[in-house]
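Trainee: Protein sequence lines correspond, in order, to chains A and B. Remember, our numbering sits 6 above the position in the first sequence when you count from 1. Remember, our numbering sits 21 above the position in the second sequence when you count from 1.
In short, the hints are calculated from the structure, not lab data. Glycine residues also receive a C-beta, built at the ideal position from the N, C-alpha and C atoms. Where hints are given, some of them may not hold.
[As the list claims (entries may be wrong)] Beyond 10 Å from chain B on every Cβ pair, some chain A residues (computed): (1) Leu177; (2) Ala178; (3) Lys251.
[What the hints assert, rightly or not] The list that follows gives simulated cross-link-like pairs (lysine-lysine, DSS-like), each with its CA atoms no further than 27 Å apart: (4) B:Lys208 to A:Lys118; (5) A:Lys217 to B:Lys208; (6) A:Lys146 to B:Lys202; (7) B:Lys208 to A:Lys139; (8) A:Lys78 to B:Lys208; (9) A:Lys78 to B:Lys366; (10) A:Lys228 to A:Lys185; (11) A:Lys259 to A:Lys309; (12) A:Lys240 to A:Lys228.
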Amino acid sequence: MAIVEIQGLTKVFNGRKAVDDLNLAIEKGEILGLLGPNGAGKTTTIAMLSTILQPTEGTATVDGYDIRRQPKEVRRVIGVVPQDVALYDDLTAAENLAYFGKLYGVVRERSKKRVDELLGLVQLRDRANDRVKNFSSGMKDRLNLAVGLIHEPRLLFLDEPTTGLDPQARLAVWEIIKKLQAEGVSILLTTHYMEEADYLCDRVAVMDNGKVIALDSPAVLKKSIGKLEVIKVKATGLPRVLLAKLRKLRGVKEVAQTSEGLRLLSPTADAILGQVVGLITSKKVRIDSLNVVQPTLEDVFIKLTGRTLRD
Amino acid sequence: MRFLTITAKELRLWLRDRHALFFTFALPLLFITVFGLAFSGDMGKIDVLVVQEDNGSVADNYVRALDLVFDVTKVDSVAVAEEDVSDGEKVAAIIVPEGFSDNRANVHLIYDETKRETSTIVMHILEAVTLGALGQAPPIIAEPVSGKQLDPFQFFVPGMAVFFILMVGGIGGAESTIDEKDRGTFKRNLLAPIGRASYLAGKLSAHFLIGCMQLVVFFGAGILLFGMAVYGSLLLVGLVGILVVLIGVGLGLLISCFVRSHDGATGAVMALTLPIAALGGLWWSIEMMPGYMQSIAQVLPTYHAQNALTSVIIRGKDLAAIAPSVLVLAGFVIAVLVAGLLLFKWEE
Numbered sequence: 007m008a009i010v011e012i013q014g015l016t017k018v019f020n021g022r023k024a025v026d027d028l029n030l031a032i033e034k035g036e037i038l039g040l041l042g043p044n045g046a047g048k049t050t051t052i053a054m055l056s057t058i059l060q061p062t063e064g065t066a067t068v069d070g071y072d073i074r075r076q077p078k079e080v081r082r083v084i085g086v087v088p089q090d091v092a093l094y095d096d097l098t099a100a101e102n103l104a105y106f107g108k109l110y111g112v113v114r115e116r117s118k119k120r121v122d123e124l125l126g127l128v129q130l131r132d133r134a135n136d137r138v139k140n141f142s143s144g145m146k147d148r149l150n151l152a153v154g155l156i157h158e159p160r161l162l163f164l165d166e167p168t169t170g171l172d173p174q175a176r177l178a179v180w181e182i183i184k185k186l187q188a189e190g191v192s193i194l195l196t197t198h199y200m201e202e203a204d205y206l207c208d209r210v211a212v213m214d215n216g217k218v219i220a221l222d223s224p225a226v227l228k229k230s231i232g233k234l235e236v237i238k239v240k241a242t243g244l245p246r247v248l249l250a251k252l253r254k255l256r257g258v259k260e261v262a263q264t265s266e267g268l269r270l271l272s273p274t275a276d277a278i279l280g281q282v283v284g285l286i287t288s289k290k291v292r293i294d295s296l297n298v299v300q301p302t303l304e305d306v307f308i309k310l311t312g313r314t315l316r317d
Numbered sequence: 022m023r024f025l026t027i028t029a030k031e032l033r034l035w036l037r038d039r040h041a042l043f044f045t046f047a048l049p050l051l052f053i054t055v056f057g058l059a060f061s062g063d064m065g066k067i068d069v070l071v072v073q074e075d076n077g078s079v080a081d082n083y084v085r086a087l088d089l090v091f092d093v094t095k096v097d098s099v100a101v102a103e104e105d106v107s108d109g110e111k112v113a114a115i116i117v118p119e120g121f122s123d124n125r126a127n128v129h130l131i132y133d134e135t136k137r138e139t140s141t142i143v144m145h146i147l148e149a150v151t152l153g154a155l156g157q158a159p160p161i162i163a164e165p166v167s168g169k170q171l172d173p174f175q176f177f178v179p180g181m182a183v184f185f186i187l188m189v190g191g192i193g194g195a196e197s198t199i200d201e202k203d204r205g206t207f208k209r210n211l212l213a214p215i216g217r218a219s220y221l222a223g224k225l226s227a228h229f230l231i232g233c234m235q236l237v238v239f240f241g242a243g244i245l246l247f248g249m250a251v252y253g254s255l256l257l258v259g260l261v262g263i264l265v266v267l268i269g270v271g272l273g274l275l276i277s278c279f280v281r282s283h284d285g286a287t288g289a290v291m292a293l294t295l296p297i298a299a300l301g302g303l304w305w306s307i308e309m310m311p312g313y314m315q316s317i318a319q320v321l322p323t324y325h326a327q328n329a330l331t332s333v334i335i336r337g338k339d340l341a342a343i344a345p346s347v348l349v350l351a352g353f354v355i356a357v358l359v360a361g362l363l364l365f366k367w368e369e
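Chain A extracted, bound-state conformation (with noise of 0.2 Å):
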């Protein structure tokens, strides 16, 4: 059984499809991550589904209620944990929670209850009074979190819940996901991070100009790559010519520049790796590491369209 089923859904700004004719339905007790570099139409999509946004075309029913129709039962049944911490400064841990748990009528006892089950899963117990502006960054990313999950919402909608967190505070976040699948939430999330939706989802829709050009399993998404190897350079300074002359090299299926250097897909990568040595020295360029790694699904992103996810 689906808890969300997307049909056609279309959102049009200025003339420029941001979401076009998506079609998707999330299994309950599934995590469905959404993959997609910035502008490829997450936010969006989760907005909508929200109902926060108005679609142009095409609907979506969330638990059975409709988006366009029952706005108001659509946001009982779902929470929503934005991207950046939306958190009142001046109210405590609890007292925050208490307000978004009235606005959503919780009633005063389940309230009470609630909030320091959730503070215990966030681990944030023992400062339940201290107010939010005394919090590190990782302690308001974790409330942030809990504040989604004040009325018990069926299904969670997390922007890119671990961006900018230092491994640690990553790996938290991603435990108190955990948890919250295996008492039957059903979470979409939206990630730039490779590892986190290997590690986090059951199956991945890759997302770009608004479209879903693939779904499936992590684990199936990479062996879509076939017999394909990466061979992974650190270098810095590298021009656009170079990317140009690697791509026309025998053997190289796709190149992209990645925020560390470049990524090249080929079925011979330990054929080819001189040239590509070669190539790269004759532009003047010192080449800091040089491996031949297994895909991820940034490479299954490469491949789909030529480009990373952080273009």
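Assemble chain B onto chain A, guided by the hints.
Mentor: Just chain B now, with coordinates in the frame of chain A:
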């Protein structure tokens, strides 16, 4: 009644903001105290110089008469007197020339034109004294119009109250919306299953309540602390006060539609409230201004607020007497609130 949740949250945040509390209550009370006390008590006699060059009995009597109405310092030479006035030590010098007693010479006045108000007063008094002393006209009789002692608090309590209610309502209301948008809590509130109307109702009621608290504190302090008398109905004072609070709340809403930062909000509200406070006669009576400025003043809500409040407090007027001003204020309430609601930006 879910908007009350929002109201309660707004008030709680406001109570935790010490700067806001200072501007809402402490600063206006300080202004009321300083201005009220500064203008209290009898005005002292004005210091003038007198040079008596005629020693006849008429001149003696005349100088004695001057001594009754001015604080007179005698000097011997016109040159010294002139120097003192031009140095700003005294506002005017009166010279009684040789031949004054046998009517061959007129009194001569040297005054400091940079102190216009005081000089004008000296001139008028001098005219009266001269006419009286020379027996050409009856001495002037002056009496206050209501027979009551002038109490500056009756002017400054309403004046400062109107000014600070508009300012705090404008800045506080605009900033709280700007803050919510900055923090992202604006969107988060709208994600909850409450209507947009509840959201705005919650915020506006909070700032309405803050304005009402200001009214109670300012007029309460005026009456209880400074013994300000209110000759008319306190209910009428409250009615006019509430209209002013609503204009302040509407101003905050309206400013938040155009401005995106704290500094912007403070600047915009100051740019609006300071001129209309000065022109509308919240700090001094508008009769001091030239006629065309007085006409401008009459289209301002501050003028009508101050006019209605002082009419009730000082002259004990009833609703019928202040109805025109009340209607103008009500018009402003509707205008700012409707404009604010129509222009409010729900999406970034």
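Trainee: It remains to establish, for every hint, whether it holds in the given structure.
Mentor: Now for the hints, and whether the structure bears them out:
Here A:Leu177 stays apart from chain B, with its beta-carbon at least about 25 Å from theirs, past the 10 Å limit. With a closest Cβ-Cβ approach of about 21 Å to chain B, A:Ala178 is found to remain outside the 10 Å limit, as its non-interface label requires. Every Cβ of chain B is farther than 10 Å from the Cβ of A:Lys251; the closest lies at roughly 43 Å, confirming the non-interface assignment. This hinted pair checks out: B:Lys208 and A:Lys118 have alpha carbons roughly 24 Å apart, not beyond 27 Å.
About 26 Å separates the Cα atoms of A:Lys217 and B:Lys208, which keeps this hinted pair within 27 Å; it holds. Between A:Lys146 and B:Lys202, the direct Cα distance comes to roughly 18 Å. Compliance with the 27 Å bound is thereby established for this hinted pair. Simply put, B:Lys208 and A:Lys139 have alpha-carbon atoms about 20 Å apart, close enough for the 27 Å limit, and the pair holds. Annotation: proposed proximity of A:Lys78 to B:Lys208 holds, straight-line Cα distance about 15 Å (limit 27 Å).
Note on A:Lys78 and B:Lys366: the hinted pairing holds, with a Cα-Cα distance of about 21 Å set against a maximum of 27 Å. The straight-line distance between the Cα atoms of A:Lys228 and A:Lys185 is roughly 26 Å, inside the 27 Å bound, and the hint therefore holds. About 8 Å separates the Cα atoms of A:Lys259 and A:Lys309, which keeps this hinted pair within 27 Å; it holds. Our distance criterion of 27 Å between C-alpha atoms is met by A:Lys240 and A:Lys228, whose separation comes to about 22 Å.
In this structure, none of the earlier numbered hints is contradicted; all agree with it.
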